[in-house]
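With our numbering applied, the sequence shown has no gaps in its numbers, which climb one by one up to 108 at the end.
Simulated from the structure, these hints should not be mistaken for laboratory data.
Beta carbons: idealized from backbone N, C-alpha and C, even for Gly.
Be aware that one or more of the hints could be misleading.
[Stated by the list, open to error] Restricting the straight-line Cα-Cα distance to at most 30 Å, the calculated cross-link-like pairs of lysine-lysine (BS3-like) are:
hint, residue 1, residue 2
1, K47, K94
2, K94, K(-1)
3, K(-1), K47
[As the list claims (entries may be wrong)] What follows is a list of derived Cβ distance ranges for each label pair:
hint, residue 1, residue 2, range
4, E48, Q(-5), 35 to 43 Å
5, R(-13), T62, 28 to 36 Å
6, G70, S30, 17 to 25 Å
7, F43, P3, 32 to 40 Å
8, D17, Q90, 29 to 37 Å
9, P3, E52, 28 to 36 Å
10, E107, Y1, 28 to 36 Å
11, L89, Y1, 14 to 22 Å
12, E(-2), G32, 22 to 30 Å
13, F106, D17, 23 to 31 Å
14, E107, E(-16), 15 to 23 Å
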Amino acid sequence: MEAELDRELYEAACQAREKAYAPYSHFAVGAAVRAADGRIFTGCNIENASYGLSLCAERCAIFAGVKEGVREFTALCVTADTPGPVSPCGACRQVMAEFAITRIFLTNLQGACKEMTAAELLPYAFEL
């Protein structure tokens, strides 16, 4: 592994992946995000026949925390059954940047890991 993986987040992301609803792509993704107060929120990808209405695991996890009043997150882990660490889409990268997540673990089911920051994933993020 390239990074010192947050095992608790990784296990939570793997468990969340099992709940993915991906009848079209068959590409299940799980994510877990740690709030500044230590709580962990999880998410999985949820597809829709109208693809634009689908929701990625990363945003699902972050939004679950936001729904509970969280505005500060310290780490996020995303995982999928890919040859190497899975990479978030652009929309998820922008949401990660919005919440200034400092540690992002890109992983796969075999335990490969790459740690990045939101700024590294999206160097010119949209800001107001």
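Here's how the hints hold up against the structure:
1. K47 x K94: Given that 30 Å is the threshold and the Cα spacing comes to 28 Å, the pair holds.
2. K94 x K(-1): 24 Å, holds
3. K(-1) x K47: 20 Å, holds
4. E48 x Q(-5): 35 to 43 Å: Since the Cβ atoms of E48 and Q(-5) sit about 19 Å apart, the hinted range of 35 to 43 Å is violated.
5. R(-13) x T62: 28 to 36 Å: 19 Å, violated
6. G70 x S30: 17 to 25 Å: 19 Å, holds
7. F43 x P3: 32 to 40 Å: 22 Å, violated
8. D17 x Q90: 29 to 37 Å: 31 Å, holds
9. P3 x E52: 28 to 36 Å: Roughly 35 Å apart at Cβ, these two residues keep to the hinted range, so it holds.
10. E107 x Y1: 28 to 36 Å: 32 Å, holds
11. L89 x Y1: 14 to 22 Å: 18 Å, holds
12. E(-2) x G32: 22 to 30 Å: Hint holds: Cβ distance 25 Å, inside 22 to 30 Å.
13. F106 x D17: 23 to 31 Å: Taking Cβ atoms as reference, F106 and D17 lie about 27 Å apart, which means the hint holds.
14. E107 x E(-16): 15 to 23 Å: 29 Å, violated
The structure is inconsistent with the numbered hints 4, 5, 7 and 14, although it conforms to all the rest.
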